[in-house]
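Participant: Chains as they are written, first to last, in numbering that gives the first Met the number 0: chain A, 0 to 628; chain B, 0 to 237.
No lab work stands behind these hints: they were computed from the structure.
If you're wondering where the values come from, they're calculated on a predicted model, not measured in any experiment.
Note that beta-carbon positions come from the ideal geometry of N, C-alpha and C, so glycine has one too.
One should not assume that every hint holds.
[Claimed, not checked] If the Cβ cut is set under 7 Å, some of the chain B residues that face chain A in the computed set are:
no., residue
1, ALA220
2, TYR223
3, HIS225
[As the list claims (entries may be wrong)] With a straight-line cut-off of 27 Å between C-alpha atoms, the simulated DSSO-like cross-links for lysine-lysine are:
no., chain 1, residue 1, chain 2, residue 2
4, A, LYS30, B, LYS80
5, A, LYS420, A, LYS393
6, A, LYS30, A, LYS96
7, A, LYS473, A, LYS557
8, A, LYS151, A, LYS304
9, B, LYS80, A, LYS90
10, A, LYS342, A, LYS261
11, B, LYS109, A, LYS49
12, A, LYS99, A, LYS49
13, A, LYS616, A, LYS473
14, B, LYS41, A, LYS96
15, B, LYS60, A, LYS96
16, A, LYS555, A, LYS472
17, B, LYS109, A, LYS30
18, B, LYS83, A, LYS30
19, B, LYS109, A, LYS99
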Amino acid sequence: MEVELLEIRNFISQYPPFDELPEEALIEVSKSVEISYYRAGSMIIEFGDKIHDLFMIRSGVVEIYRRNGELYNRLDQGGVFGQMGLLTSNKVRFPAKAIKDTLLYCIPENIFEDFCERYDVFADFVEVEGTIRLQQAVEDNSDDANSLTTSKVKTILSGEPVMLASTTTIQDVATTMAEENVSAALIHDPNLTDEGGDSFVGIITQRDLCAKVIAQGLDVETQVVEVMSTELISLDHNAYIFEAMLLMLRYNVHHLPILKNKQPIGLIEVSDIIRYESQNSLLIVSSIFQQNSIDDLVLLSHQLKDCFVRMINEDANSHMVGRAMSEIGRSFKQRLLELAEEKLGPPPVPYCFLALGSMARDEQLIVTDQDNAIILDNEYQEAEHGQYFEELAKYVCDGLAACGYTYCTGDIMATNPEYRKTQSQWEECFADWIDNPNPQALLNCSIFFDLNGVYGRPKWAEQLNAFILRKAKKNNRFLACLARNALNRTPPLGFFKDFVMEKDGRHKNSINLKRRGTAPLADLIRVHGLAIGSQSQNSFDRLEDIIEAGILPPSKGKDLQHAMEFISLVRIRHQALDIESDQEPDNNIEPENMSDFERRNLKDAFLVLSSAQNFLKFRYTANSMQQGK
Amino acid sequence: MPNINNQEILNWQAFLKIKAAESKDKRLSHFYNASTYDAETKVRDIDFVALDFETTGLDAKKNSIISIGLVPFTLQRIACKEAKHWFVTPEDKLQEDSIVIHGITHSDLKGAPSLLRILEQLLDELAGKVVVVHYRRIERDFLHATLRGLINEGIIFPLVDTMQIEADIQAARPKKVIDWFKKPQAVSIRLGSSRTRYNLPTYPPHDALTDAIATAELLQAQIYHHFSPDTPINKLWL
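Extracted from the complex, chain A is given alone in its bound form (with noise of 0.2 Å):
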């Protein structure tokens, strides 16, 4: 008689650390399952108690409690907890209480045991737990001085919001706010008395107008009570901004009526919010131009910092974050160039800096070299204006080294005369890479397919970029030596599982985000863009159009942005991290400070890059054989 428990085999099945396990694994534990109910309110386990069991919700809601009765964790079907204990000594370390009836799976030590040694996965989720201080830190911190939820809705309030009787025809309101200039206005019933601002009865958005008027053909003439939205989602004037910010997204709005004793005091919009998130890196923008030498400029730059984390911790996406630094990296540059003109006088002939690399794709952080170049216009002259531009060049490059933008070590700048070429000489520079492609030739010079114009003539970083697209779309052979040296950095799939390996608790070994992260993606990125003949220059822009143009499998586009996203991000808070313990950031990440939920969600965004890489070296270096034949 073979006893088959499908029913539990294949719940077990669908959740981490058991989705990674062999068949004859599951069918272990599902053998050797106990089944427990828990009534909601009862604790399960507490602290210092014998724990011989492994847990896993069947269903239910279960809290995890830290000793001093905070709650650590709260997990719900498929959630698993009580390794910790198991780890040290049999005793419970983190006390469980069931929030809702919960039906609990206790899967006996022996089997955790013997798991941990059978199976890399098993033991990696289950020793990972005790990671927590990064966790930790990374909630202090959300404490912190957060704008966003220290600072309330009516700090933003703009004016007097638009109030128009529900009587009104539509034209007449369309008219009212196209002469106040607001997307969307108020509507009060003018029946009814105004007492407890009762009277407040709905909303009419320029999206209303749009859906529900112009595009069902409706009469102008109509009254608006005919067309305003009445599920009014609204929020008095004392709550937080991100209060409002949760409601628009909860419910999908773009406007909310601000209320005070009732009475619509006011409206908030999306761009309102943004306006005031990004307040703080536009300041600095603002401030980069008043300075007057480097030395100002370097005071300033001491604030890039604070910016940076205050970003961080008002859970800017990398994409925001990226695109604000670059933009104060820019004005840097900017600034510093108009300082140097100052000095030297204008310049003989025009020309435009270009910046490349991570600023020109909008993705710089905090910790970046200088990577620039200048094209300087065909009249150019060795012998007379060379010294100009020579000495130019070393005051921006210099002027940025002291403002924290350390000199390329590849000696990528502005000051390599190599680097300052007329717009024809880079035009045979670039035809000669793409045309003559070689691997080694190309190593080096990827960040030059990223590049965009700061100052000058930005016109002829974009013509130089068309012609670039033109050249490389549909070269094969130079899209499989830039395919061949995006592969050359990968992902370090190994280290995950010898971390798990070292028991001792030190690990000497860290991961460099940007090496083995963002810069290859990057770098994958871009082959496809210059295959598809992509105007954008930054990887989530690019991927869009690659997505647009159909060449990645189903989904594998949403991967690499998921991958992208999830990597910078890591990148960016880990930094944002030591920038707050007064360390210097930099790249690289320690395990000992990952949460598991970082460390299994790299894991995973590591497995597309790598699926990403296997696909682009099928299809390009297929291509090329083909051609060559």
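Given the coordinates of chain A, assemble chain B onto it according to the supplied hints.
Facilitator: Chain B alone, transformed into the frame defined by chain A:
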């Protein structure tokens, strides 16, 4: 049921002793000799075994058992490790419509033993424990009728019926004022519906072992919600 009903049996221990003496079949007398708990034993100290049959129909006189699932448990833990599951050859012909219900097919039953061959094993699993079923008309009646057919002797022992418990709880539920305005509606006390009232997950029905586990989980939930670990077993068994 043969000349007894649950009200008449006030002392299960004494009753089983008489049955042990009366039984001619060795397996049965062995089973009865294992006896049962004192009526005042707290449920926290009881070893239960949840039992479920799949049958070819609902009439114990005409239909027969085709599969048996059981799982031993306590108020604290259900021991899947000790779960058992058998297919048995039905005494009557397997009806096409019951194939639809259980998903058990002729080929599943090919080579399955007759209940007689596993009887000893089955009784060993139940002996000395308190058997828990959902709807006793199936398990109690079918086992009794089948044994009469096979060894010319019936069987009777104390049972906890989670369906009866659920029926009693629902009947005793205080009516809210609002209920007076509502149409009286019968609350379902079937296994699946009863489980949802305790926030237990939904399982695919009609597998004897899954249903036995589902019944065990339901009893744990019922006790924690409506009784206590200190409730004496005589409040629950029938």
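Participant: Against this structure, judge whether each hint is valid.
Facilitator: Against the structure, the hints come out as follows:
At about 5 Å, the closest approach between the beta carbon of ALA220 of chain B and any beta carbon in chain A falls short of 7 Å, and the interface hint on this residue holds. Because the smallest distance between the Cβ of TYR223 of chain B and any Cβ of chain A comes to about 4 Å, under 7 Å, the interface hint for this residue holds. Hint status for HIS225 of chain B relative to chain A: violated, with the closest Cβ pair at about 10 Å, above 7 Å. With a C-alpha separation of about 5 Å, the suggested pair LYS30 of chain A and LYS80 of chain B falls inside the 27 Å cut-off, and the hint holds.
With a C-alpha separation of about 16 Å, the suggested pairing of LYS420 of chain A with LYS393 of chain A holds against the 27 Å cut-off. Note on LYS30 of chain A and LYS96 of chain A: the hinted pairing holds, with a Cα-Cα distance of about 26 Å set against a maximum of 27 Å. With a C-alpha separation of about 25 Å, the suggested pairing of LYS473 of chain A with LYS557 of chain A holds against the 27 Å cut-off. Taken as a hint, the LYS151 of chain A and LYS304 of chain A pair is honoured in the structure, with Cα atoms around 25 Å apart against an allowance of 27 Å.
Our distance criterion of 27 Å between C-alpha atoms is met by LYS80 of chain B and LYS90 of chain A, whose separation comes to about 25 Å. Distance check on the hinted pair: LYS342 of chain A and LYS261 of chain A sit about 60 Å apart at the alpha-carbon level, beyond 27 Å; violated. Distance check on the hinted pair: LYS109 of chain B and LYS49 of chain A sit about 48 Å apart at the alpha-carbon level, beyond 27 Å; violated. Using a Cα cut-off of 27 Å, the hinted pair LYS99 of chain A and LYS49 of chain A holds, with the two alpha carbons roughly 23 Å apart.
The suggested pairing of LYS616 of chain A with LYS473 of chain A holds, with an alpha-carbon distance near 17 Å, which does not exceed 27 Å. Between LYS41 of chain B and LYS96 of chain A the CA atoms are separated by roughly 25 Å; this keeps the pair inside 27 Å, and the hint holds. For a cut-off of 27 Å, the pair hint linking LYS60 of chain B to LYS96 of chain A is broken: about 49 Å separates their Cα positions. At roughly 21 Å between alpha-carbon atoms, LYS555 of chain A and LYS472 of chain A fall within 27 Å of each other, so this suggested pair holds.
Between LYS109 of chain B and LYS30 of chain A the CA atoms are separated by roughly 25 Å; this keeps the pair inside 27 Å, and the hint holds. Note on LYS83 of chain B and LYS30 of chain A: the hinted pairing holds, with a Cα-Cα distance of about 11 Å set against a maximum of 27 Å. Between LYS109 of chain B and LYS99 of chain A the alpha-carbon distance is near 45 Å, which puts this suggested pair outside the 27 Å criterion.
Hint check: violations occur at hints 3, 10, 11, 15 and 19; the rest are consistent with the structure.
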